[in-house]
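Chains A and B supply the protein sequences, listed in that same order.
Going by the working numbering, the residue at position 366 of the first sequence is 366; the numbering climbs one at a time, nothing skipped.
Start counting at 1 in the second sequence, then tack on 1000, and there's your number in the working numbering.
Hints may contain errors.
To give a feel for the contact side, a few chain A residues facing chain B, derived at Cβ under 8 Å [as the list claims (entries may be wrong)]:
#1 P4
#2 I107
#3 V237
#4 S267
#5 A268
#6 P269
#7 L273
#8 R371
#9 P383
#10 K390
#11 I392
#12 R393
Simulated from the structure, these hints should not be mistaken for laboratory data.
Remember, predicted model here, so these are calculated numbers, not experimental data.
For glycine and all other residues, C-beta sits at the position ideal for the given N, C-alpha and C.
Listed below are the residues making up each chain.
Number of protein chains: 2
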Amino acid sequence: MPRPKPLSGFPEFLPAGRIAELAVLDVVSSTFELHGFAPIETRAVEPLEQLSRKGEIDKEIYVVRRLHADAGDADELGLHFDLTVPFARYVLENAGHLAFPFRRYQIQKVWRGERPQEGRYREFTQADIDIVGQGALAAHHDVEIPLVAIDVFEKLRRDLGLPPVTLRVNNRKLSEGFYRGLGIDDPAAVLQRVDKYDKIGPAAVRELLISEAGLDEAQAAACVMLAGISAADESFVDDVRALGVEHELLDTGLAELAALIRVARNSAPDRVLVDLKIARGLDYYTGTVYETFLNGSEKLGSVASGGRYDSLATDGKTTFPGVGYSFGITRILAPLIGKGALTASRSVPSAVLVAVDNEEAREQAIDVARRLRARGIPVEVAPKADKFGKQIRYAERRGIPYVWFGAGYDDSVKDIRSGEQTPASPSEWAPPIEDLGVTVHA
Amino acid sequence: MPRPKPLSGFPEFLPAGRIAELAVLDVVSSTFELHGFAPIETRAVEPLEQLSRKGEIDKEIYVVRRLHADAGDADELGLHFDLTVPFARYVLENAGHLAFPFRRYQIQKVWRGERPQEGRYREFTQADIDIVGQGALAAHHDVEIPLVAIDVFEKLRRDLGLPPVTLRVNNRKLSEGFYRGLGIDDPAAVLQRVDKYDKIGPAAVRELLISEAGLDEAQAAACVMLAGISAADESFVDDVRALGVEHELLDTGLAELAALIRVARNSAPDRVLVDLKIARGLDYYTGTVYETFLNGSEKLGSVASGGRYDSLATDGKTTFPGVGYSFGITRILAPLIGKGALTASRSVPSAVLVAVDNEEAREQAIDVARRLRARGIPVEVAPKADKFGKQIRYAERRGIPYVWFGAGYDDSVKDIRSGEQTPASPSEWAPPIEDLGVTVHA
């Protein structure tokens, strides 16, 4: 075959990039576990009718069928485009075996047939957390979710050098209550236009609200003023009240959002902002909504988002309300890894290369490698008996810091960075801890 | 939606099962890394013509297309059915950026549209290692691969209680050389029939070789005798020689297989057997082939297999010969997890539940949880202010061993198994190490 070309929208990394991605995923999953989220994995496919039922993204679905499907094959399947819809199905399917509120995390690929562009992929990895109740789910879980998110992002910043983030929150009850208090009958139509605030600006949103959503001048002006409110504390409540609109749902939304920002301000100062123009596209959100921006890379759009959904999963008798949050792992990492801004200290796990003097001595080299591995040291054996210099270059090319010489008869180990070579025993020697594993840093 | 039913052939686990699977994958990947294999991940889809070019499994491919594909969409895509074909493509695509011999591992889902049955799935996880050279790859790598495999399986046995395995090896050069030495022109036709040895027995294979592959009585008898040879050491060489067939390729195959079993016998006694009826279905193997059976569950078929392929990847100028091995993770685990034979000590990561006396005290509970997590202890906060007994039952249901009471004013922690309750500080107390993480055992 001629040299294959990459498929647009399906990013793949070289080994050092994948090592960096795995280091990030390790921080993400271990932090989820510290917060008591249990792992699950769902199949890649869902019945097509389930996928096309929710949201407005049926255009983006990939259909899956067997190359030689039988006439009797009833189920049309599609690749999942997020992890929320499959999770809702999983909860309904397994409700009898789960303990509620059920806290789960899930890190998997998802697929969307969108036109590939900067920050948009056809295959990408998401890392989701959700908390789902049976019948009811307390509002304090809406406060908990952003604290988990900030815990993850702060560790990624501290341990791996990723940029800091700002999490922006709103509450659909607040927006919808406000709109209804203004006498607007179709809050969704308003929300859709407000969603364009960052792209087209407040004046253009105001015009759309009048020309497309049928609002009068005063309504449109009030909606745009609401969208313009943001704050790092509970002061936003007064700003909203000052607009003079009253509605019961608005009160609920204000109280929920105020509770969130109060706790967030204590636990994660400067990382969470109330921002009343945050709308989120997907139609299943019913309360709190979250978006997250990398400081300095706001143009990339929200890299992690989520919200409260009160009626995504129901079996007719019981409803399972939930709140969740999804990290766009590929969206965050692909630009950093692609530019080499996030890299691994070496392209292989090996800390040691065991040199082979001649092919007759290979079994002794294998034995030294075995003894080092038994003590947790990643090792590879030279693929070819070769001269001193060539063995060093083999290690250098991969970033392996140590070369082991004289395996089994005159054992010594050389730090190829300093050139220092010392006698060593395969049952005693170990590299310094900072050389043992690959380190990843931006 | 009514309660959804599972899709046949697409296994999913409950959280405790997924925790068990992740514990297995952690052993697998960390062992791969100890042997110097670097991680990569490839996209789920490949161009359809690449997938249908190799082997005889085009029937089993899942085709992927956008629900609203444009007329101009040229690329027909399919889900990969193994990780070897995508890896070969990855090597060709990135050859200029890789250091050879390139050692990689890859743990991903694969899809086959087969009829689901015991041990056969439509979606399943494989864990692959491969070593690929540029132009050439030394034969000693064929010896190395089974040692890595045995290292993995021995750790799974020792640490997680999985059953021991036997790895059975053959060499296609040996078989093909033997057949050619008998004057047979189409060795592949013979290999295909010999592949059925375990299912239909030697007498039936002999008949097929005569009726279908056109062999004479003497040729068929010799082929069946060859297939019947197995050994735990180099003695098989004499057994083959005793059949009186001579061919240069046979000599090469015998030497390679003898070297393998000699090293394996030293490094992993009783785990590797020469078995000359092992054939492997896929047509890209050109030398050593491996199959692996769980002792006592041989009926399940080979749970991990692989071999040497000298011409899978070529760009016309350079060939990239390789040797690899694929662990059928789902095939091994789905029966064990399904039967509850491999389980986790609890269904959530949390070691501690912080009780909440009343909703006003929730923020103090959140603060205790934060301080415990900062020291690496997985914690969740009770979702509801509740009585003592209900908090205990919440923990019991999930297997959480400790409940924290009096958060922030009269801190104490109770081991709900022993009932022992002691005063504790959130900045000092830690559970015993065996309670910190979830343990997984068969």
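Each hint tested on the structure:
no., hint, in the structure
1, P4, "holds (5 Å)"
2, I107, "violated (10 Å)"
3, V237, "violated (19 Å)"
4, S267, "holds (7 Å)"
5, A268, "violated (10 Å)"
6, P269, "violated (14 Å)"
7, L273, "violated (20 Å)"
8, R371, "violated (11 Å)"
9, P383, "holds (5 Å)"
10, K390, "violated (13 Å)"
11, I392, "violated (14 Å)"
12, R393, "violated (10 Å)"
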